[in-house]
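Undergrad: As a plain string of letters, each chain reads:
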Amino acid sequence: MRPIKPLFSYGPMPTYRILLCAVLAFGLMFAEHRFSAVEAARSHLTSVVAPIQWLVSLPSEGMRWGAMAVSDKQSLIDENQRLREQLLTLSNRVQRMASLTAENVHLRELLNAPNPDDVPYITAELLSLDSDPFTQQIVINRGRRDGAYIGQPVMDASGLIGQVVSVSAYTSRVLMVADANHAVPVEINRNGLRFIVQGTGQLDTLDVTSVPATADIREGDLLVTSGLGGRFPRGYPVARVTTVQRESSQAFMEVAAEPVAQPERSRYFLLLFPPTPPSTEGLDGAERIARQVVWPGDPAHPNKGQISEAGLTAALKVQEGSESP
Amino acid sequence: MTIFGYLFVWFTLLLALCLQVMPLPDAWLVWRPDWLGILLAYWCVAIPQRVGVIHGFVLGLMLDLIEGAPLGQNALTLSLLAYLFLLLYQRFRVYSIWQQAVLVFVLLGIAQLLEQWLRTIFGPVSVSLEFLIPALIGAALWPWLFTMMQVLRRRLGIG
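Heads up: the protein sequence lines correspond to chains A and B, in order. Using the working numbering, you'd call the opening residue of the first sequence number 1 and step up by one each time. Using the working numbering, you'd call the opening residue of the second sequence number 1 and step up by one each time.
Isolated chain B, as found in the complex (with noise of 0.2 Å):
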């Protein structure tokens, strides 16, 4: 992979976390989806000896510092994902997408639900199976995200 390809990876992992972190109003808030892992897991599967879990690691670190998190648990909530996704990249590539997007909305679904247990660790917080929804939304949002992503990436000839 030449430099030019590192720096497309992370330029659009860092445009994900810039909308991650996007000012949204209050109410829209637990609509947003989980761009920065569905992002990431889609170069986990795409070139998995190129990106993994240390880019999770990372930029989960920088969520946490945006967010005001406790330090690292965005960070274990992101590498983990990237593990999983590490894991079953073999049996992903060779379902249909739609299978794929249920697929992600389970990953999803786990890295979020640890993230939930995390925060109880650190402090009172309102529980509701709202936390699930960036899921439901990233995993709605895979086929197209996937598709447009593999053209890019093909035309760009990274991997």
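Isolated chain A (complex conformation) (with noise of 0.2 Å):
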């Protein structure tokens, strides 16, 4: 027989047992606070919930897969039109752009100045958007095996996402330029104007903060990572001016823009891996001006960051010049 069940029972002592949690709970929040150790073992706890993240982006993946399965035939051939003439445009775009490139080039070599790098990149998939609404995050399908890594730039293809701020193995997490907690150092792309843009927590909307009364900023205007603050490369769109607001009795305006990149619409992305000025801690004399002689390299040259014959010879040139005399 099956002993009388009693009508009321607790589990072991739950007041006992939500004070243990609480204090587990404060103490991981204040150690993900102060130390970096917990980060790491985060970025691996994250590894192991990566089967749920890809469980539940099954569904939007079948609802994709199957709208491009029944989809008549009339309508892919009008996708595939407006792609041809996408594609169309956009080769011409890289025509003009190569001529221009060229003559950038040759005109930076007249003036003597260092050449940008181009920004070697890899292409991510979105793998889901944030659940939180009070957050704009998304999650991407590349992670640590990638070589993705903690602060690095991401596009779409018409501007700046956001930045990464977790890794895990197999994915990583991305901050985008609309959370509240987000700011970017941009300039004006037609008079090099410096601003900070920080994001509002709303998808369309940003703050184009401590904006001089005087100021040369109009509607419109295209506002490029201005690459101040060494984490975004420079020359990136990020968003364009919507409103301007000017009020005579106060020194600062109030300027809101719309960012061009569409994190709504976009499932590929770009992680860039900008260039790094390489470390010149601990070295002096030659060897320091060497590493900064070889900065900025080229990104095919792989062994980057370190000393080449040529920079060498020429730093140890430059400090023989300066001693002689």
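Hints in this document: simulated from the structure, not taken from any laboratory. Among the hints, erroneous ones may be present.
Now the stretches of chain B that chain A is said to cover, found in silico as 3 or more residues with beta-carbon under 8 Å [unchecked claim]:
hint, segment
1, 15-22
2, 26-39
3, 48-59
4, 97-105
5, 138-149
Over 12 Å on every C-beta distance to chain B, these chain A residues come out as not near it, computed from the model [unchecked claim]:
hint, residue
6, Arg17
7, Val23
8, Gly147
Model, not experiment: these values are computed from the prediction. For every residue, glycine included, the Cβ atom is placed at its ideal position computed from N, Cα and C.
Bring the two chains, given one by one in their own frames, into a single complex with the hints.
TA: This is the structure in structure tokens:
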């Protein structure tokens, strides 16, 4: 005979358990704030829940596939047509771009200015949108195994999306420029004025902060990354100015901008690998100069950051020159 | 409770976790019911000697990892939710189903409020009363969910 079940039964002492859990939870939150070891542990743990992330991305994948499978011939033809036209426009632009790049390089050589690098990149696919309505983040299918790192800039076809904030083995999480926690240094493409663009929490609005009332900024101005701060490479489009509110009594203007990237429509992204200046810590004299001479190196040169023979010779010459007279 | 019973409990909880993190269009996000919260509440009321605070903590930790929230934020919220239901489950069982729904709304709302507080500690967020919508919809779903889960549970002989 089964024993009679007690009518009301607690598990063992929920009060102690909740106290234990609360202490643990606060401990974790605090530790994550303070110690980087927790971040590393987190990135390993995130790999554990990767199956769930993959699982929940299946329905939307299936929907997309299904929509493709049942779409009729006419719409496919239309799409094909549209893509062909787009291809034509783009290849036309690329051709012009090639000659302009050549011209630009030539002019820079005349001015003795260093050539900007081509930034290497890898492509990534959207894995899941953020399920939290109060933050703007996405998860993409590239992780530590693919070389993604925290702070890495992420683009889509039309502009800057944001930066990587956490990396697990196969996935990483991207904080979008529209998140209230995100800010990016930009300049106006037209005249080079530099500002900071801050997210507002809404996908379609960004704040341009601290714009003096006399600044030359207009509606429709394109804001591109300025490369200051060292995180984002220079010259990638971020946003277009939508409203400029000038009040004569205020020292600053209220300027709003709209991101040019389309995070709600893009599925494919680019993870950029902007060249980092090689570390010159602990070096001095010729070697230090040599490293700076090599920088910025060309991306085709895989041993960037190492001292090239030519660089070292040049540096030694410079040093001799400065010491001998 | 048999092994099968435990598996079933974890299966439903993981299913709720999947629903909780399922990608949705941006405008629908605030309208998502608090799936994990109501499922956890159900099991805490149905078999309080088996499911409780620790379940909430583990599931919350997984949710934190998936959502990229500060580690421990949802863990704290969900273990508190489980604790509140464990405190109240005796009273809860004698309520009519609509009274239960109201109580579910209040408790889910408390949990969501705690989550909002934790959010504001960790960074700037836009605060609005929208955060109560998941609790409201969860409470509206409660009568159906409760009835369905009771039938399932009795048929499978869990508890």
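Undergrad: Are there three or more residues in the segment 15-22 of chain B whose C-beta lies within less than 8 Å of some C-beta in chain A?
TA: Three-residue rule met by the segment 15-22 of chain B, so holds; n is 5.
Undergrad: Count the residues of the segment 48-59 of chain B with a beta-carbon closer than 8 Å to any beta-carbon of chain A: does the count reach three?
TA: holds (count 9)
Undergrad: Classify the label on Arg17 of chain A as holds or violated, using whether its beta-carbon is more than 12 Å from each beta-carbon of chain B.
TA: Answer for Arg17 of chain A: violated, closest chain B Cβ roughly 4 Å.
Undergrad: Tell me whether the statement that chain A covers the segment 138-149 of chain B is true, taking a Cβ distance below 8 Å and needing three residues at minimum.
TA: violated (count 0)
Undergrad: Holds or violated: is the Cβ of Gly147 of chain A farther than 12 Å from all Cβ atoms of chain B?
TA: holds (20 Å)
Undergrad: Confirm or reject the coverage of the segment 97-105 of chain B by chain A under the rule of 3 or more residues with a beta carbon closer than 8 Å to the chain's beta carbons.
TA: violated (count 0)
Undergrad: Between the segment 26-39 of chain B and chain A, see if three or more residues pass the 8 Å beta-carbon test, and mark the coverage as holds or violated.
TA: holds (count 4)
Undergrad: Over 12 Å to the closest beta carbon of chain B is the bar; see if Val23 of chain A clears it.
TA: The claim is violated: Val23 of chain A sits with its nearest Cβ about 10 Å from chain B, within 12 Å.
In the structure shown, a violation is registered for the earlier hints numbered 4, 5, 6 and 7, in ascending order.
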